Each structure stands twice: as C-alpha cells, then as structure tokens.
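Student: Okay, here's what each chain looks like letter by letter:
There are 2 protein chains.
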Amino acid sequence: MKDKIMIKTSSGSYPVVWFGEMAPLAKSVESMMQNYHRSVFFLSYSIEKIYGKVLDHFFPGVKRLILPDGEKAKSLRITEEIAVKLTKDGIHRNTLFIAFGGGVTGDFTGFMASIYMRSVDFIQIPTTLLAMVDSSVGGKTGVNLKTGKNLIGSFYPPRAVLIFPGFLRTLPDREINGGLAEVVKTAVISPSKDFFSYLEKNISGILRRDPAILSELSYKSIMVKASIVQKDEKEQNIRAFLNLGHTLGHAIESLLDYKGVIHGEAVSVGLHFAAYYSKEKDYLDDHTYLRIRDLLISLKLPYKMEDIHKENKLKSKDLAVNMQKDKKVTKSRIRFVFISGIGRLLLPQEVNENELVQTLKKFKKAYQTVIVQE
Amino acid sequence: MKDKIMIKTSSGSYPVVWFGEMAPLAKSVESMMQNYHRSVFFLSYSIEKIYGKVLDHFFPGVKRLILPDGEKAKSLRITEEIAVKLTKDGIHRNTLFIAFGGGVTGDFTGFMASIYMRSVDFIQIPTTLLAMVDSSVGGKTGVNLKTGKNLIGSFYPPRAVLIFPGFLRTLPDREINGGLAEVVKTAVISPSKDFFSYLEKNISGILRRDPAILSELSYKSIMVKASIVQKDEKEQNIRAFLNLGHTLGHAIESLLDYKGVIHGEAVSVGLHFAAYYSKEKDYLDDHTYLRIRDLLISLKLPYKMEDIHKENKLKSKDLAVNMQKDKKVTKSRIRFVFISGIGRLLLPQEVNENELVQTLKKFKKAYQTVIVQE
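Sequence lines, in order, name chains B and C.
Everything in the first sequence is counted per this note's numbering, starting at 1394 for the first residue and increasing by one.
Everything in the second sequence is counted per this note's numbering, starting at 1394 for the first residue and increasing by one.
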C-alpha cells in the first residue's frame, strides 16, 4: 500500500495521506498551519471529550470550535451562530479550518469554509471509518434543511485529507459497520474486481478490526472514489455510481426521521436492494447477486429491512414516494442506479413507481421473519 | 458601443449583453429557460410592485419569489426560509434562478444559487445603475451577519448578465447617484484615461440622465471591471483596486448602521478621501486630485462627510477603528488602496492608524461648514 493519493479537481489538486502514527500527522498539520495567520479546529462535543487532551498536546493554543453532536450541527442556524463567533474572534480570510471528526464535521466545516468571507482553506482529518473511506474525499459539503438532508451545500475541495487509522480504536462497532457498508458499495462499483475479492478473502480480518486491513480498505476505497470524482467532479454522470444503494438508503433514513438508524446501515440495506432489483430486472446474474448479499451477511452488516426496523413497518409505497425526493432527481421522477456486474454499473435510469413498489414488496417478503401485511 | 462583453472565469465564461428594448431581452431569457426544467425569478417587494405586470406579460406563469426590501434580505435566516420554500415547491437542481433587481437581489440570488442543492445556474437582470455598472458582474455573492456585511458568501459567476438601461427610468435619483459614484471610481482605476475624460465631457448629459449616456457608462464600467476580475477572480491582488474608496465607505455605512445612507454615497465620499489621502502622501499630484474632487462635485455626488451625515459627528478615531474590520484585512491591520494618477493605483498597503486618524481629521476640517470639535 502506498501512503498518498493525489486528487485532481477543477481548482487544483490535493493529497490524501495515510499515517501510521499521530506524531507525523501532527507535524504535517503544523507545517500547513505555517502558511496561515491562524488555524481553527472544528470538532464535535463527543470528539472533544475523547481527543481534547491529544489536541492540547499536539496543538497547544490552537483554537477549537465545538459543534453539537450528530446531524443537528448541520443547519444554517448553527452555521450563522458559528460564523458570528468566528468574526467576533477576528478570524479573517487567511485562516486554516481543520475538520476533525466524522462525516458531519467534515460536511459542516467544508460548507463553512466555502462561504466564510467568500471562502477560506480547509483540511480534513477524519476520525470515523465512513469519513476515511468516503466522505472526506470528493469535495461535497453541506447542511440540512427541515425539508431534507444536504439540500444546502457546495462543491468545495479540501486542501488535504490526512488519515490516521489509529483513530478507529475509539470508534464504536456500529460506526465501523456504517463505514464498511460504504466500503462494500465502493468495491461493487470498483472497475477492478480485485477489491471485491479482497473483501471476500479478508472477512475474518475485517471482523476482528485488524488495523492493517482497515487501513487498506481506506486506501482502496479512496482510490476508487478519486478516480470517479476526478472524471465527474460535479456529478453530471458517473459520479452517480457512488449513490448506489443510497436511493433506498436515504428514503429509509428519512422515513425514520434519522432516528435509530445510521447512514451506513440504511445504505447497506439499500445496496442489497439495488443488487436485488438489478437481478429482478435481469441486469445482474444470480451468482453475482448472491456474492453481494452474502458478503454483507458475512460482514454482519444489515441486509434486510428488519435489520434496521425491527417491526418492518416501513411501507413500500412510502419508501417509493420518498425516493422521489432525492435532490439528484430531475422532474420529480425516480432515478435508480442498477448493477450489471462487479465493477459494472448502469447510469441512473428512470423507474416506474408501480414496478418499484412491487419490487420492494417482493424484496421485503423474501427477507422477512416478521410477517407484515401491506 | 458594442452590445456584448464576454467575461472569462476559472469555470467558463459568460456574456454581458445590452438591450435597447425589453422584448429582445425577454426573448433571450426565454431561450435560456428552455435549457432548464423550471425557472424562478427573485425580486424585491418594491420591484414586484413596479414590474410585476411587465413580468406577467413577458413571462406568464413563471414562478416569482419576493424578497424583503433592502439589505435585510441578505441574511442566513432569509436564505433558509427561501430555500425551504423552494424545496417545498419541488424546485430541483435543473432550475434557472433569475436575479431581477439591484445589488441586494443579485448578491442574495447568487448566493442562494451557489448553495441550493450544491448549486444551480443563475442569471442577472440588473434594474439599478449600481448593478448595471458594477455588482452584476464579477461573481461575488453574499449575505450579511450581525457582525458585518457580506461576511458570508461565495465567488459564483452567473451564466449571463442581461442589461436593459430602460429599467433606469423608474429608478429614484438618489439611486442613480449611488451608481454614478461607482462609475467615477471605475473611471479612476481604468487603465485607459479616456473613461475619466468622457465623464468630464458629459457632465450635463449625465445630469439629465440621458439614456444613451447611461448605457455607455454601463458598458465602459463593465469593460474595466471585466478586465480586472478576469486577471484576479478571487481577489488576490489587483481586484483590490475595485475597493478604491470602499475602506472608508464601508466604515461610514457601518458606523451609521446602514441607516440614512446608501452604499454609493458612502463610496463617493470614500473615493474623495482616497484621492485626498493619496495627495497628502505625495502619491498623487494636486491637479489630478482636484480633477477627481471636481468631477464628484460637478456630478452632484456627495464628497464631504457632511453630505452624508449632516451633523458631521462621525469621529475620525471611530472611522479608523472600523476600517480595520474589513474582511480583506489580514492580521487586523488597516490596508488602503492609494491612487498615483488616473488609471494608476498602488496595491493595498498597510497604513498607520494614527496617521490615518490625523488625515481623516484634516480632511473633515478642509471640507466642513458645520464646525465639530474632535
């Protein structure tokens, strides 16, 4: 494994660098800080509790801004509050913002960096597997509206992404699984089929959270994502492949009001459904469908509706209607990414709502233990 | 006069087009609308009152979003409110936003376009002279914080700027003057000295608001601005020339809490002061200083503090302190753009606060009728 990938964007390129220890990462951050008048860490309350002392040690005297935990940080209200605080502290354009945390912190900090005084530079130091394999790279930033997630945001690449898998030692198992779901998705869309096979061969290593293997997953995932976002930075065509499994995933999260479910769990079931639907449409052969399903099962990831919602009460019709609300949808129709093989995807295509509802019902029925009448 | 200028930006180029009639402008907008699923006009309450019927006539059935009048539209609170409204109306990415109004509407709409669903396209149809000569071009968007103006925003160029000087017929005289102040500033920084001479030769035409001359002023100003923003889109060096007169201008507006003064009036006095300060520092010869001052006087633009604030009570010290708050300031010092001749500017340089205060006092004393002790 190499320890660096350069990501090209329309406005220059930035490195993603892996570190085996905290000290060299800190040194690298420090040398970047030299180019700015000031630096500010953005981190959640929980991360401050875990890593506050580590940051004190490595970055004494560097300002830290504490965000509320979870998705509620991602709002325009908090954006305004924090921006006012920054201006009161005399933070000017020549400042480096540092997102230290998971996807929420990265999304928020990147958005703030893109609009604070018409933009300041920022870097990402992801502390979750999800951020290390996916969200820290690609330049998407955003906050939520009460009408939906990430409806406000920008494409604004960081100056660098610094990854230290050691942070995963403090990450709850459920969050690791959330990241793994995106890893499986990434392996399915990877043009090289080796990534998927690598996962199949390393199930036990992944289950025991072997640090070397998790680091490798981060590297391989970012490689795939980098090659896609470089070809389609603004999501006009193939970047949509990254949304594989997310159409249903988002609908599940939204119907549950983002409660009791984490993003990766919903994506995991969404990914299984995308494979199932692809098989039903005869785009995907049975054998490959089963490989995808069985990998999810072997990795102990959610793969059926019940894994997320015990009572299995999410109605297929409601899910389908909710799938229209995705912002990538043009003209309020449902567009879906299908799989035709490992590494082979079909560009998003419109699906018939009725067909989708029937397929959802069939999917739920095929994988249910709790019998629910719809 | 030609009727089109192309503005190059890092993310493509866009045209600024002048129209002699409303009908061809409407036709041009309509043909752009064809490329989008939907279109939305953004306009202020006042502009809706004046032009609502015109828009009904030319664009029947096209959605219009009404903003509060004045600077109070430019807030994150209104941004959120409008964004929620847009999502509820099912407005997706494939939509054209149309800013129809002055600088505030352009700044707000551009900002909204830059962050709504991670960006949608927008065009500008300026209705004020200020917007026709300055703010509609250059890609700066923004909203205010309670701690200052335009502290939140983005660099986000429109897809096109369509100018119909006929809209100026309904513009209050005071607003015309506000635009003229930016015109004089632009003529001072124009590398070709002809623009400044043109103004000197056409004073009576300008004073009687001759439409052909106002149109020419718009064209000449955009030419100058275009050449500057093309060389320095993100304000790293020469774009700062556009801030000539704005350091004091912003401080005046801010100290008056943006009440009883319009932007162009504050800039007009700020421009005079920039010339005065340049003369005091021996950067500018007396003759050129007087040409600048006398042009402002001939055009009946504010040139002394009293023209803005009758009681002349703004303290020099307070003004100087406020000039530090500008976001272009690094390390909280005061940077100032000096003039060394028509078309000859010095890159922003740091000034000594004490020297600045003394110069402000001298300037006020030289041009006061109301005697105020500081």
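Because the hints were derived from the structure by calculation, they are not lab data.
Note that this is a predicted model, so its numbers are computed, not measured.
Any given hint could be a false lead.
Any copy will do: because identical chains look the same in the list, a pair fits if it lies in one copy or spans two.
Restricting the straight-line Cα-Cα distance to at most 30 Å, the calculated cross-link-like pairs of lysine-lysine (DSBU-like) are [what the hints assert, rightly or not]:
| # | residue 1 | residue 2 |
| --- | --- | --- |
| 1 | Lys1446 | Lys1708 |
| 2 | Lys1442 | Lys1586 |
| 3 | Lys1401 | Lys1478 |
| 4 | Lys1481 | Lys1754 |
| 5 | Lys1478 | Lys1710 |
| 6 | Lys1627 | Lys1401 |
| 7 | Lys1706 | Lys1481 |
Student: Determine for every hint whether it applies to the structure shown.
Tutor: Tested hints:
Within a single copy, lysine 1446 and lysine 1708 get their C-alpha atoms no closer than 47 Å, and across copies no closer than 46 Å, so neither meets the 30 Å cut-off. In this homomeric assembly, lysine 1442 and lysine 1586 never come within 30 Å of each other (Cα to Cα): the closest approach is 41 Å inside a single copy and 62 Å across copies. In this assembly of identical chains, the alpha carbons of lysine 1401 and lysine 1478 never lie at most 30 Å apart, being 33 Å within a copy and 36 Å across copies at closest. For the homomeric pair lysine 1481 and lysine 1754, the shortest alpha-carbon distance between copies (28 Å) is at most 30 Å, but the shortest distance inside one copy (54 Å) is not.
Only between protomers do lysine 1478 and lysine 1710 lie at most 30 Å apart by alpha-carbon distance; the minimum there is 25 Å, versus 45 Å within a single protomer. Both within a single protomer and between protomers do lysine 1627 and lysine 1401 lie at most 30 Å apart by alpha-carbon distance, with minima of 13 Å and 20 Å respectively. In this assembly of identical chains, lysine 1706 and lysine 1481 lie within 30 Å of each other by CA distance solely across copies; the values are 26 Å between and 49 Å within a copy.
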